[in-house]
Amino acid sequence: MWDLRLRRWRWLRRSGVDERLQTIWAESLPKRQRLLEDVVFLVCDAEMSSLNPEEGEVLSLGWVRVEGGEISLNSARHCLVQNQNSVGQSATVHRLRDCELAAGGSLEDALAALLSAARGGVLVFHHAPLDMAFLNRAAKRCLGGPLLLPAVDTLALEKRLMERREQSIPQGALRLQACRERYGLPAHHAHNALTDALATAELLLAQCAARGPRLRLGDLL
Amino acid sequence: MTDKALGEDPAELEDVVEFLRGSLPFNELDDENLADAVATLRVSYHRHGERFDVDSPRPGLRVLRSGAVDIRDQDNKLLDRLGEGESFHIGGLNAENGNVVATVIEDALVYRLPDEAYRELRGKHRGFDRYFSGQRSRRLRRAARFQPEPHALLAPVRSVMTRDLLTVPPQASVHQVAVAMAHRRVSSAFVVEDEALRGIITDRDLRTRVLAASLPLDTPVGEVMTPDPEAISADESLFTTTLRMTQRSYHHLPVLEEGRLAGVVTTSDLILARRDDPVYLVQHISRQHSVEGIRELVEGMANLMVHWVNGGMPAQQVSQLLTAISDAVATRLIGLAEEELGPAPVPWCWLSFGSQARSEQLLGADQDNGIVIDDRATDEDLAWFRELATRVCDGLALCGYKYCPGGIMATTDQWCQRLETWKETVRSWTRTPTNDAVMRVSIFFDIRGISGEATLADALQEEMLKQAGKNSIFLAALAASALGNKPPLGIFRRFVVDRDGEHRDSLDIKKRGVLPVTEIARLHALARGVVAVNTEERLNALGKGEFMTMVDSRNLMDALHFVQRVRMQHQCEQVLAGETPDNYINPRKLPRLAREQLRDAFTIIDEAQSAVRQTYRAGMG
Chain A
1 MWDLRLRRWR WLRRSGVDER LQTIWAESLP KRQRLLEDVV FLVCDAEMSS LNPEEGEVLS
61 LGWVRVEGGE ISLNSARHCL VQNQNSVGQS ATVHRLRDCE LAAGGSLEDA LAALLSAARG
121 GVLVFHHAPL DMAFLNRAAK RCLGGPLLLP AVDTLALEKR LMERREQSIP QGALRLQACR
181 ERYGLPAHHA HNALTDALAT AELLLAQCAA RGPRLRLGDL L
Chain B
1 MTDKALGEDP AELEDVVEFL RGSLPFNELD DENLADAVAT LRVSYHRHGE RFDVDSPRPG
61 LRVLRSGAVD IRDQDNKLLD RLGEGESFHI GGLNAENGNV VATVIEDALV YRLPDEAYRE
121 LRGKHRGFDR YFSGQRSRRL RRAARFQPEP HALLAPVRSV MTRDLLTVPP QASVHQVAVA
181 MAHRRVSSAF VVEDEALRGI ITDRDLRTRV LAASLPLDTP VGEVMTPDPE AISADESLFT
241 TTLRMTQRSY HHLPVLEEGR LAGVVTTSDL ILARRDDPVY LVQHISRQHS VEGIRELVEG
301 MANLMVHWVN GGMPAQQVSQ LLTAISDAVA TRLIGLAEEE LGPAPVPWCW LSFGSQARSE
361 QLLGADQDNG IVIDDRATDE DLAWFRELAT RVCDGLALCG YKYCPGGIMA TTDQWCQRLE
421 TWKETVRSWT RTPTNDAVMR VSIFFDIRGI SGEATLADAL QEEMLKQAGK NSIFLAALAA
481 SALGNKPPLG IFRRFVVDRD GEHRDSLDIK KRGVLPVTEI ARLHALARGV VAVNTEERLN
541 ALGKGEFMTM VDSRNLMDAL HFVQRVRMQH QCEQVLAGET PDNYINPRKL PRLAREQLRD
601 AFTIIDEAQS AVRQTYRAGM G
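Sequence lines, in order, name chains A and B.
For the first sequence, our numbering gives the first residue as 1, with consecutive numbering after it.
For the second sequence, our numbering gives the first residue as 1, with consecutive numbering after it.
Possibly wrong hints are sitting among the right ones.
Here are the computed distance ranges between Cβ atoms for each label pair [claimed, not checked]:
no.	chain 1	residue 1	chain 2	residue 2	range
1	A	Asp219	B	Arg51	35 to 45 Å
2	A	Leu6	B	Gly127	22 to 32 Å
3	A	Pro186	B	Val531	54 to 64 Å
4	A	Arg211	B	Glu573	42 to 52 Å
5	A	Pro186	B	Gly127	25 to 35 Å
To give an idea of the chain A side of the interface with chain B (calculated C-beta under 7 Å), a few residues [stated by the list, open to error]:
no.	residue
6	Asp3
7	Ile24
8	Ala26
9	Pro30
10	Ile71
11	Leu73
12	Ala76
13	His127
14	Ser168
15	Ala187
16	Leu205
17	Ala206
It is worth saying that the hints were derived from the structure and are not from the lab.
Ideal Cβ placement from N, Cα and C applies to all residues, glycine included.
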C-alpha cells in the first residue's frame, strides 16, 4: 500500500491530474490487516476491442460492489463506451456492435463513474493485469494519471490456491467458468462486462469462504 | 448520455431476473416489481456446515441459487431439504415452529431479499404473500409426517386384527360359506371344529378350487379349505407379522390368543395404514416396469432408515428390512430382464452372499451375488445367464448398490456356473485353505437364494457345510481369520484409534465390532453344520444345540445388537447431516453411558475370540 501512496504523491507533484482522481486519492487506503467483511470491493470487468492495450480500446465497463461479505445487486452498473474505431472482428467475442456503442457514453464519464463507485474500496478483476493495463492507459489519457488503486486478482488467487494444494493446472483451468465450477457455482454465460463482473464477484466470495473465516485483506493481495 | 445518467441507475441483470421468474413465489410478480426486487438482492456464498438460526444477522428471505440446505427443528429432525430455486425465511419458520435451524449441506450461493424489501413485497402482493402463509402449513404437515411414531411396528398384532370372524363348521357346504361371506362382506372364513382352528377358506380358494374345478355347490368346505393354516400369536409385533406374511405370500393370517382363534389380520390391514412402510415400498418395487422407477423408490431408503431408527426399531430389524428391500429390487430386476430375454433355458437360482445373504445389510452395501445353474445347461445356455447377469448387476448399480470391487458378481464367469462347477470350486477351497480361499469362504459361505429354484442354492450350501465341517485344517485357517480383527479394547484406555487417513480419530466399527461376531458365528455354524446364515439365527441355533452355552450365545447377540445400534445411529446422523453414511465412529463423541456399553460389548467379543482360539487352534499357536 505504501507503494501506491508513494506513486500517488509523485503523480500529484506533476500538474494535470484530474480533480476526480485527486478526490479518490485523498481517501485513505484500506489497511492490509483489515478483516474482509469490513472491506468494500468493487468487482469489475471490461470488454476490449483487442487484447493488446497498445491498439485496443475499452468498449464497456461493468461492476458490482461487495460490502460486508455480500454482493449488493443495487450497485450493479453497466457502461457502454462510444468507440473511436470500429470494433471489427472483436464483435464476435464481446457481441458489442458499433451501432450499440454509438449510443454509449464517453470513456471519461465511464471511468469517473467507476472511480466514484470504488471510493474507499479495493478493485477486483479476474485477470487483473490485462484490465488494469487498459484502464490505466485510459485514465492517463482522460484523467491525467493512472488509477493507482489496490487490486485483487481472482485468477491469481485461484492459481495460488491450486499451487498450494500441489494440483497441476491444466490448460483453461483458470478461466472464469472453470474456476466457478470448482466451487459449485452455477453455470454462467458470458454476456457482457456486468454479468462477468457479477460472476467474478461470486467467485471471490467462494474463494474467501473456502479459505476460512477471519480472513484479512492482506491474504488476498 | 450525461455524467449523471452514467452509473446512476442499477443495470438490469437478466440472468438473475430470469432465475427468480422461475422460482416460487417470485413468478407472481410483474416485470417492474421483479426488477425492483432484484435490485434489493444481496448475494452471498456459504460453505457446507454453516447455520442460520433466529439470531443470525441479516434477516430476510434466502433463495438458493445453487447448493442445498436442511431445515431442522429443535430435536434435529429434518423438516425440509431445500435445493436450487427454493427459499426459506428463518424468522418466519421460527415464529411457527420454534427453534428451527437451517444448515448448509452443500456449498450454497444465496440471494437474500432483505427483510424490509420482503415485507414490502408481501404487503404489496397478495399472491406473493399467500405463498408464505401456505408454505407454513405445508411445512407443519411435513414436520408431523417426520414425527417418529414410537414403536409403531412393534405394537402387537392384536391392535390391528379383526376380531369379528366368520367361522363355519367343516360340514358346511361351499355355497353356504360363500353366502355367509358375501353377507358379512369378508374375504375369508375360518373352519372351526371343537373350538379348534381346522382350516381357512378365502375368496381365491372358492374361485380356484371350487368354481374352476366345477365342484358341486354342496361340497363340504372341509374338503376344499387350506387345512391347518399357519397362525400367529396376538402378542407378536406388527413387524414380525408383516415380515412373515410377505415372505410367504400370505394374504390372511389367523391370530391366536392363548392358543385359540381370536382374530384375523390381512395384508391390507397392515399395508394401507402407512405409506412409508417398508412393505408398501417392497410392494411398489415389485410393480415397477423400469429400472428408473425402482431407482426412484429406493432413493428414499436412507430417510426411511432414519425414520425407523428414530422410531425405536431395533438394529437387527432395520437391517432385515433394508435387506428385504434389496431382495425385492434384485427380484424385480430379474423379472424385468426375463421379460426381455424370455424364460431361462434351464432351472437356476440367483444367489446373494455376505451381508445380504445374512439379512444384515445397512446403507451403502456393495453387490455380492452369483448364479447357480442346473447341471443340464449346455455351454450355449450359459450365454442367456451372462446377459441376465449384466442387466441385473447394471440395474443394481443404478439403484445405488455399488459394483463389488472384488468382482464377486454374477457378471464374473466364475460366479455364474453350473452347480457341479460350483461344488468343485468349494472343494478346492477347503482342500487348500490359502488366505485367498479363506477370504472367499467368508463371503461365499453366507449364501441365500433370492430368486429362482431355491433347491439349487440349498444343494450348494449343503456341499459347503459338508466340506467345511469335516475338515479341521480348514476350520483352523478360518479360525485364524476370525481372530484377525480384534475388538479395540485399547480405545478405552488411551483412545487408540485408526491412525491413518481421513478417519484419524475414529474406529471402523464394522470391521472391529460387527465382523468379529459374524465370523465367530460363521465358524461355529460351519463346524456344526448349522444351516442358518443370519448371525442371530446362527447364534440361536448354536445355543440350543449346546455347541455354545446359552449365556455365551445370548451375550454375543446382545453385543452385536449394541454395536449395530451404535453403527446405525451414526449412519442416521450422517444422513441427517447430508453426508455419505460410513462406519467410522469417534468414540470420544459417544455419550458416557454408550461408551461404557461399547466397552462391555467389546469385552464379550474378545472373550468369544479366546474361546475360538482354544477350540479350533489349540496347539497351532
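Taking the hints in turn, this is what the structure says about them:
1. The hinted window of 35 to 45 Å between aspartate 219 (chain A) and arginine 51 (chain B) is violated, with their beta carbons roughly 24 Å apart.
2. With their beta carbons about 59 Å apart, leucine 6 (chain A) and glycine 127 (chain B) fall outside the hinted range of 22 to 32 Å.
3. Evaluation of the 54 to 64 Å hint for proline 186 (chain A) and valine 531 (chain B) yields a pass: the beta carbon distance comes to about 57 Å.
4. For arginine 211 (chain A) and glutamate 573 (chain B), the hinted distance range of 42 to 52 Å is not satisfied, since their beta carbons lie about 28 Å from each other.
5. Between proline 186 (chain A) and glycine 127 (chain B) the beta carbon distance is about 26 Å. The supplied range of 25 to 35 Å therefore holds.
6. A distance limit of 7 Å between C-beta atoms decides the matter here; for aspartate 3 (chain A) the minimum to chain B is near 29 Å, and the interface restraint is violated.
7. Given hint, isoleucine 24 (chain A) at the interface with chain B, is violated; its Cβ is 14 Å from that chain's nearest Cβ, farther than 7 Å.
8. Interface hint at alanine 26 (chain A): violated, since its Cβ lies 20 Å from the closest Cβ of chain B, which is beyond the 7 Å cut-off.
9. Using the Cβ-Cβ criterion of 7 Å, the hint placing proline 30 (chain A) at the interface with chain B is not satisfied: the shortest such distance is roughly 20 Å.
10. The interface hint given for isoleucine 71 (chain A) holds, since its Cβ lies 4 Å from the closest Cβ of chain B, which is under the 7 Å cut-off.
11. Interface hint status for leucine 73 (chain A): upheld, as the beta-carbon distance to the closest one in chain B is roughly 5 Å, under 7 Å.
12. The interface hint given for alanine 76 (chain A) holds, since its Cβ lies 5 Å from the closest Cβ of chain B, which is under the 7 Å cut-off.
13. For histidine 127 (chain A), the suggested interface contact is broken, since its CB lies about 21 Å from the closest CB of chain B, more than 7 Å.
14. About 22 Å separates the beta-carbon of serine 168 (chain A) from the nearest beta-carbon of chain B, more than 7 Å, and the hint is not met.
15. Interface restraint check: alanine 187 (chain A) against chain B, minimum CB-CB distance 9 Å, threshold 7 Å, status violated.
16. Below 7 Å, beta-carbon pairs count as interface contacts, and leucine 205 (chain A) has one with chain B at about 4 Å; its hint therefore holds.
17. Here the hint on alanine 206 (chain A) is kept, as its CB sits about 5 Å from the closest CB of chain B, short of 7 Å.
The structure fails to meet hints 1, 2, 4, 6, 7, 8, 9, 13, 14 and 15 from the earlier list, while all remaining hints are met.
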